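Protein chains in written order, with the working numbering: chain D, -8 to 401; chain G, 986 to 1078.
Hint data in this document are derived by calculation from the structure and do not stem from the laboratory. Where hints are given, some of them may not hold.
Unchecked claim - With a straight-line cut-off of 27 Å between C-alpha atoms, the simulated BS3-like cross-links for lysine-lysine are:
#: 1; chain 1: D; residue 1: Lys255; chain 2: D; residue 2: Lys399
#: 2; chain 1: D; residue 1: Lys279; chain 2: G; residue 2: Lys989
#: 3; chain 1: G; residue 1: Lys1014; chain 2: D; residue 2: Lys279
#: 4; chain 1: G; residue 1: Lys1014; chain 2: D; residue 2: Lys9
Owing to the predicted nature of the structure, the values given are computational and were not obtained by experimental measurement.
What follows is each chain in one-letter form.
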Amino acid sequence: MSYVNGLKCRECGRQYQKEPIHVCEFCFGPLEVIYDYDGIKNALSRKVIEGRPKNMWRYRELIPIDGEPRVGRDVGFTPLVRAKNLGNALGVDNLYIKNDSVSHPTLSFKDRVVATAITKAMEFGYDTVACASTGNLANSVAALSAEGGIKSYIFIPADLESSKILGTLIYGTNLIGVKGNYDDVNRLCSEIAANYRWAFVNITIRPYYGDGSKTFGYEIAEQLGWRTPDNVIVPVAGSSLITKVWKAFKEFEMLGLIGKVNTKVFAAQAKGCSPVTSAIKEGRNFIKPVKPNTIAKSIAIGNPADGYYGIKTVNESGGYGEDVTDEEIIDGIKLLAKTEGIFTETAGGVTVAVTKKLIEQGRIKKNELTVVSITGNGLKTIEAVSNRIGNPVIIEPRLGSFQEKFGKLI
Amino acid sequence: MAVKVRIPSPLQKLTKNQSEVSANGKNIKELFSDLEKQYPGLRDRIYDESGSLRRFINVYINEEDIRFLKGEESEVKDGDDVSIIPAIAGGVS
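Go ahead and model the full structure; you've got the sequences and the hints to work with.
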């Protein structure tokens, strides 16, 4: 049963049929899915949701597919971890980590959007999917298209981290390394998308794809006991996730599944690529594109597609945007690992470091309920920290050799 | 002074199905008013009601985004390539 009525332009409001399109023909604004919220309200309740399996499809009515999911049936419902140790280290009492670094199957939140997009692509009858990616999306498209038995073409910046390349090739996809940054890759893909009948998950079917990320927000609300936090810190690349987390909270509010939303949404970027947080800090509502230069490659998008809406979301919610240096990002990764035993990638280092900064600035208060979004796994960006964590102590296979280094216990 | 302007497919109905047209002007603003004279209706699609370039249109001069240059005041010269590209393009076919 489908609860999708069609698509609507976010800029000028023109409406379209349910098709594989993503841009308004008239004003080029992005399209978004129109849901039958009345129907959804009748079908969904806390009880209905709680009775379903623990994966993202428990919010099935709010995900823009018509039939059953075709791939990634076990994606989602990642842990919401009470982060007492990290909270102590940062001086706050009520801190949580939404941990998509353990997302099934490819260890980033992109599994949510890709499971949605590939299902939708298959519903539209495509036999080939494609994407422009900074790595996590590449991994997920490769894995889930393999599961769905359809072909895939994946375009990445040629200088990507080796684990992200390996973690894509292993699934037997067509991987194309483009000599340029993500924005170059994305521009090229726009042209390729116009010439090939492929479902580019983050271009051709972007309105459907993006709504898969809403499940990250639904889960936070449900796992907190059907309420939203005082603060949520979200890493920002293209600005899709941050707008969808907000949309998820507002939808739950509208459907009566939770009370009033009083959440402040905070955008987190790397200083070396901060078009969104700079705009927020300077009070602009438009993006000045930048040329990225940061170790946080997974979020290094200099010309963010949804940047305008990212700024709008933050302002509407009363949040703020902050950015951190590469040094602070590495410290953030190490801090999360040492305090909570969670190894995140550079984007997670960004959100942890930004959270620290926001607390120091007094924008996040000690007793407020704060959720830090961790969207990817540290094993994918080992280059970022490999020289910063020391080395194992090497010894001979003799007790004496061990005791030489560590002393005698008795 | 003629400058080549690449037209995205959704606007090609207005340019008699041409993907590339030529126009005159010393900067982007002048170039686009000349385009409107040649292909009436184009202006409404590129500019919003307040007269600013639409938020989801990117304009490039020789591959460089005009937001890195001087916006609509960015100068163009004979032989330059200007592209009008929807910010989130592709997948029209």
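Quick rundown of the hints versus the structure:
1. D:Lys255 <-> D:Lys399: violated (53 Å)
2. D:Lys279 <-> G:Lys989: holds (25 Å)
3. G:Lys1014 <-> D:Lys279: holds (19 Å)
4. G:Lys1014 <-> D:Lys9: At roughly 36 Å apart (the allowed maximum being 27 Å), Lys9 of chain D and Lys1014 of chain G break the hint.
Of the numbered hints listed earlier, those contradicted by the structure are 1 and 4.
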